[in-house]
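Visitor: These protein sequence lines map, in sequence, to chains U and E.
Per numbering that gives the first Met the number 0, the first sequence starts with residue 0, numbered consecutively.
Per numbering that gives the first Met the number 0, the second sequence starts with residue 0, numbered consecutively.
These aren't lab readings, by the way, just hints derived from the structure by calculation.
Mixed in with the good hints, there may be bad ones.
With a Cα cut of at most 25 Å, we get these calculated BS3-like pairs of lysine-lysine [stated by the list, open to error]:
(1) E:K220 x U:K329
(2) E:K131 x U:K329
(3) U:K42 x U:K179
(4) U:K310 x U:K129
(5) U:K331 x E:K220
(6) U:K331 x E:K225
(7) E:K208 x E:K238
(8) E:K225 x E:K136
(9) E:K203 x E:K131
(10) E:K220 x U:K328
(11) E:K64 x E:K103
(12) E:K225 x U:K328
(13) U:K310 x E:K203
Reference excerpt, derived from the structure (chain U facing chain E, CB under 7 Å, subset only) [said to hold, decoys possible]:
(14) M72
(15) G76
(16) S84
(17) V95
(18) Q96
(19) L103
(20) Y104
(21) T194
(22) I285
(23) G315
(24) W317
(25) E320
We put the beta carbon where it would ideally sit given N, CA and C, even for glycine.
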Amino acid sequence: MYKISLRERVPSTTLATRNTFPYIMPDSQQESLFQQKVDAEQKIEPRDWMPDGYRKNLVRQISQHAHSEIVGMLPEGNWITRAPSLRRKTILLAKVQDEAGHGLYLYSAAETLGTGRDEMVDQLLSGAAKYSSIFNYPTLTWADIGAIGWLVDGAAIMNQVMLCRTSYGPYARAMVRICKEESFHQRQGYDILITLSKGTPEQKAMAQDALDRWWWPSLMMFGPSDKDSPHSAQSLKWKIKRQSNDELRQIFIDRTVSQAEFLGLKIPDPKLKWNEATQHYDWGEIDWTEFNEVIRGNGPCNAERMAARRKAHADGAWVREAALAYAGKKSKRNAA
Amino acid sequence: MSEQEALFRYTLRMGDNSLVLGHRNSEWCGHGPVLEEDIAQANIALDLIGQARNYLTYAGEVEAKFRPSALPTGQAGPLRTEDDLAYLRGEREYINVQLVELPKGDYARTIVRSFLFDAFHLPLQQALTTSKDERLKGIAEKAVKEVTYHLRHSSEWLVRFGDGTEESHRRAQEALDDLWRYTGELFTPDEAEEVLAKAGIAPKLADVKQEWSATVDRVLKEATLKRPADGWMASGGKKGIHTEHLGPMLAEMQTLQRSYPGVEW
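In isolation and in its complexed conformation, chain U is listed as follows:
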């Protein structure tokens, strides 16, 4: 299970061979068959014909998701060595380890579409590929580890549960596995906050401070408002996404308010109010300037996160080379 897998770079065309049908059937007809299949809730598999845009959109989304798992290890990893009890240390370490595992599943799912992991990693390190902006915020206190589990994983789960029904088979199946582990992650975060909220005044203040800092960035995780979301409409039509950003954000808010009340914490939104007519909470306005700045690279930790990933990759280069060299020698000896 822990065997290293180091691949030579494979040209993308050889990884996912295109179905030979397009050469017989015009693309327009293929596309309409494809859409019928999607509409009929049949999963699209790696060897099926798919529009280039669908493939591109999926590679972008899945690799972005994989990168988010990997970069997401950093803010939480920041507290592994300082976790306040051996039980908490064990749980946190297991959680961050899960995230590395999720990264692996997702890179594998994206590879079925013809883009190799090395290429995706290069895109992350060069800054060409994005990852979830939430991980550009710092973890300043132990309560932040609770808030990440509760809010960040909570928001991620909303997306991921939806993605268990996504139209691309390997992605949907990776998500089913991931969702099982993510719900444990959310519970561990909430459990940290339950303990803090029952604790000393300092601990309660620590929990409130974490909610104050993480609430709005968590809402931003659902992405731009539907009217400003460039990829949304097509993704919904292809059933890559099944619910819009704004729908998911609203469900998240509706669920989270009572959880905050149970903790005795106050959500930092003066406009938050239950609306009898809509049966939803009304709420304030996301600071989209901040959202766009963090995406542009101007968040509190963007530079640190990328520096940490680049350093790990560069420091590990000789390790990967040694593994490849040894594997080469070994296979030569076996052949001899």
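Using the hints provided, position chain E relative to the given structure of chain U.
Guide: Same frame as chain U, now just chain E:
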């Protein structure tokens, strides 16, 4: 030294060794050379910290029956929990061997350190599965499976490094030469280890050393690395005399427990 006092010190040391090494390995999480190794190191750290929890819990229970005169006592009431022992002892009260507390260094150093420890840890745990102490026996039965994997992991990487590229060979040999002086302490028994060996509760370290030495020779040969000569050996960890590296590690680990005494987390 009475058998109970020896048992306390012994379980405490086993816990400290696993905890400190587990902590050092956990520092790789998010920073490994390849994603699979982040997972492997986290996995090994989880095993070690799990073992530490078993040992420290047991140490606290043994201590509650008998309070040894050799250690500062009385901070935490009659029964010290795993967290009292992990978070509320200073570096002079930790009695792990120095090998495990050294900084993780580059990946060659991490692998060499793990290998030198794992090759000792496995025969030790195997011997403990026949201990006359039921608790130690039970902990060892679980630990043997874990440590078997740890040794396989570190051995395989050591061979990759030794027989990989010139650079990896050089790094591995340098780490080996540098860390060798910390291996003597593994096999120098203190009074507690001697008392328990006589009582059939723990193995004789001389026996463990034979197996360790055979494993080291076998793996180094495959790795095309040179076994360093036994020269001057560092020691002191077992008496609470450490390198300068343990203090900062504990300061980091214990920060919340020390900053907010007596609260639940």
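Visitor: Next, verify each hint and record whether it holds.
Guide: Do the hints match the structure? See the list:
Under the criterion of a C-alpha separation no larger than 25 Å, the hint pairing E:K220 with U:K329 is consistent with the structure, at around 15 Å. Taken as a hint, the E:K131 and U:K329 pair is broken in the structure, with Cα atoms around 45 Å apart against an allowance of 25 Å. This hinted pair checks out: U:K42 and U:K179 have alpha carbons roughly 21 Å apart, not beyond 25 Å. Taking the CA atoms of U:K310 and U:K129, the gap is near 18 Å; set against the 25 Å cutoff, the hint holds.
Our distance criterion of 25 Å between C-alpha atoms is met by U:K331 and E:K220, whose separation comes to about 19 Å. Under the criterion of a C-alpha separation no larger than 25 Å, the hint pairing U:K331 with E:K225 is consistent with the structure, at around 24 Å. A hinted pair counts as satisfied when its Cα atoms are at most 25 Å apart, and E:K208 with E:K238 qualifies at roughly 20 Å. For the hint pairing E:K225 with E:K136, the CA-to-CA distance comes to about 36 Å; that exceeds 25 Å, so the pair is violated.
A distance of roughly 14 Å separates the Cα atoms of E:K203 and E:K131; the hinted pair therefore holds under the 25 Å criterion. For a cut-off of 25 Å, the pair hint linking E:K220 to U:K328 stands: about 16 Å separates their Cα positions. Straight-line distance between C-alpha atoms of E:K64 and E:K103 comes to about 37 Å, which puts the hinted pair past the 25 Å bound. Pair hint E:K225 plus U:K328 holds up; C-alpha atoms about 20 Å apart against a cutoff of 25 Å.
With a C-alpha separation of about 44 Å, the suggested pairing of U:K310 with E:K203 is violated against the 25 Å cut-off. Nearest Cβ of chain E to the Cβ of U:M72: about 4 Å, under the 7 Å cut. The hint holds. Interface restraint check: U:G76 against chain E, minimum CB-CB distance 4 Å, threshold 7 Å, status holds. With 7 Å as the threshold, the beta carbon of U:S84 comes within range of chain E, its nearest partner Cβ sitting at about 5 Å, so the hint holds.
Restraint check, U:V95 versus chain E: the minimum CB separation of about 5 Å is within 7 Å; hint holds. Interface hint status for U:Q96: upheld, as the beta-carbon distance to the closest one in chain E is roughly 4 Å, under 7 Å. With its C-beta approaching chain E no nearer than about 6 Å, U:L103 sits inside the 7 Å limit, and its interface hint holds. Evaluation of the U:Y104 hint against chain E yields a violated restraint, the C-beta minimum of about 11 Å exceeding 7 Å.
Evaluation of the U:T194 hint against chain E yields a held restraint, the C-beta minimum of about 6 Å falling below 7 Å. For U:I285, the interface hint is violated, since its Cβ never comes within 7 Å of a Cβ in chain E; the closest pair sits about 29 Å apart. The beta carbon of U:G315 comes within 3 Å of a beta carbon in chain E, closer than 7 Å, and the hint placing it at the interface holds. A cut of 7 Å between beta carbons decides the hint on U:W317: the least distance to chain E is about 5 Å, and the hint holds.
For U:E320, the interface hint holds, since its Cβ comes within 7 Å of a Cβ in chain E; the closest pair sits about 5 Å apart.
Violation of the numbered hints given earlier is confined to hints 2, 8, 11, 13, 20, 22; the remaining hints are satisfied by the structure.
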